[in-house]
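J.: Below, each chain spelled out in residue letters.
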Amino acid sequence: MREGIPDQLQGAMRRAERLEWWSIAWTISVIVVMGAAMGSSQTMKTAWIEDCLSLIPPAVFLISARVERRPANARFPNGFARVPSLAFVIAATALTALGSTLLVDSAMSLVSQEHATVAAVHIFGKEIWLGWIMVAAQVYSIVVPVVLGWLKLPLAKQLNDKTLFTDAMTQKANWMTGIAGIGGVIGIRLGYWWADAVAAGLISLDILNDGIRALRAASAELVDGAPRALDSDDIAEDASALHAVLDARFPGAEIHLRETGRVISAQIVGATPPDDTLDVRDYWPGDPDRAWRLGHISFVPPRSDRGDVPGN
Amino acid sequence: MLLCLAGCGNMPKDPEGTLDRIRQEHVIRVGRVEGGSAADASDWRRVLARVEASTGAKPVFQPGMLEPLLLDLEAGKLDLVVGGRFDEKTPWKTRVTLGPPIAKAETPIGTTASHIVARNGENAWIMLVQREAKAAGKEP
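As they're listed, the protein sequences go chains L and H. Per my numbering, the very first residue in the first sequence carries number 2; after that it's consecutive. Per my numbering, the very first residue in the second sequence carries number 8; after that it's consecutive.
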């Protein structure tokens, strides 16, 4: 696969890019609203940092989509099909860093027994408890990522794009933090100083879990591990099916599958191509519309120096 | 629905029950910084008089130096500290709650302001004191 994004995915890819631009614009509006209402609440601060860091996955996706389209050249003879893998590592690292920062922050405020001061503000001459303004900002910060995450998930699956999927997970983390934030503010309203930090801590554990899972899958991809599922570190189902088909067609050969960006590359060690030309679609076991997933098949003939060939 | 669960009304509760205790015991434990200016004292006394009227409580003063009083406030041994002047970037800003500035003084090396200081997180109490500080500032 040397020519970047497969043709069948061009439309979906353009939709995803438009969505990511919108995502950046809406996230900036959430950052402004949350920053204005932040006060000294730990959960609000946590949610605000999270909103800032959630700009990283869409930005990385847009850059990688642009680079992925570049044609191969003398300095990069294999093209840029692996750029999404690099983007995935960056997005996964951002998500993990996010979870860790929030966990440490909330643990520290719990240990030091920080009591958040949330006093009053005056709007049009009327005294309003800042907590209610925080709740309103949190509601806004929930609606935006719920809608964006809901739009991104099907595109991530169609494109088999792990950066986009991690981005959708970041959106999930955002709206969950929003709900925890509302819980924290209501806790302060009821006089429970610890509610704020506990809410932030619980959410950060969930974010950290998502981040570590993504980071493990991203690392596996970088070291040419077998293709992983979009949403976990397990082997992807379509890769397992492909492995079984190739095993049956080339008995005795070693089948090495790896993921190059969004496509799978298969290396068959100890076998020669059955014909002078081959159509990779003939080897794809699943839905023909997803045959683009198999980008490349290469053969490594049996080696006489290693005794792979009988009689040598 | 969440808002209703939280209970309607504008006032939060104090985690350590400062405002309730002051209303029940009719005593406000006030740390007074020694050596403050007469002008500053007249400003915070006006605010304190309004807080007394609003809560039906009388202040019991504990004189002392600023930082030891702030430590007592942080530990819950005092309800307010008055007569202290602070730089805008004071590190105490995160450890205690500074009320609105009630008197500012410009000097060649920076600005300091007199604040009435409350313990962090006692939100109902803080709201009451800040409301009275604002109202006192509007008095002729």
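In case anyone wonders, no lab produced these hints; they're calculated from the structure. Predicted, not measured: the structure shown is a model, and the values here were computed from it. Certain hints may be false.
[Claimed, not checked] Chain H residues, not near chain L, derived (Cβ > 10 Å throughout):
#, residue
1, Asp47
2, Lys96
3, Ile109
4, Gly117
5, Asn127
6, Ile133
7, Met134
8, Arg138
9, Lys141
[Stated by the list, open to error] No more than 20 Å apart at the CA atoms, straight line, and that leaves these computed lysine to aspartate or glutamate pairs for EDC-like:
#, chain 1, residue 1, chain 2, residue 2
10, H, Lys20, L, Glu128
11, H, Lys84, L, Glu115
12, H, Lys20, H, Glu32
13, H, Lys20, L, Asp106
14, H, Lys100, L, Asp106
15, H, Lys100, L, Glu115
16, H, Lys141, L, Glu128
17, H, Lys145, L, Asp225
In this text, a Cβ means the ideal position worked out from N, Cα and C, and glycines have one as well.
J.: Give a verdict on every hint.
T.: Evaluation of the provided hints:
| no. | hint | result |
| --- | --- | --- |
| 1 | Asp47 | holds, 22 Å |
| 2 | Lys96 | holds, 16 Å |
| 3 | Ile109 | holds, 16 Å |
| 4 | Gly117 | holds, 24 Å |
| 5 | Asn127 | violated, 5 Å |
| 6 | Ile133 | violated, 5 Å |
| 7 | Met134 | violated, 5 Å |
| 8 | Arg138 | violated, 7 Å |
| 9 | Lys141 | violated, 8 Å |
| 10 | H:Lys20 to L:Glu128 | holds, 16 Å |
| 11 | H:Lys84 to L:Glu115 | holds, 17 Å |
| 12 | H:Lys20 to H:Glu32 | holds, 18 Å |
| 13 | H:Lys20 to L:Asp106 | violated, 24 Å |
| 14 | H:Lys100 to L:Asp106 | holds, 18 Å |
| 15 | H:Lys100 to L:Glu115 | holds, 13 Å |
| 16 | H:Lys141 to L:Glu128 | holds, 11 Å |
| 17 | H:Lys145 to L:Asp225 | violated, 71 Å |
Taken one by one, the earlier hints fail for this structure at numbers 5, 6, 7, 8, 9, 13 and 17, listed in ascending order.
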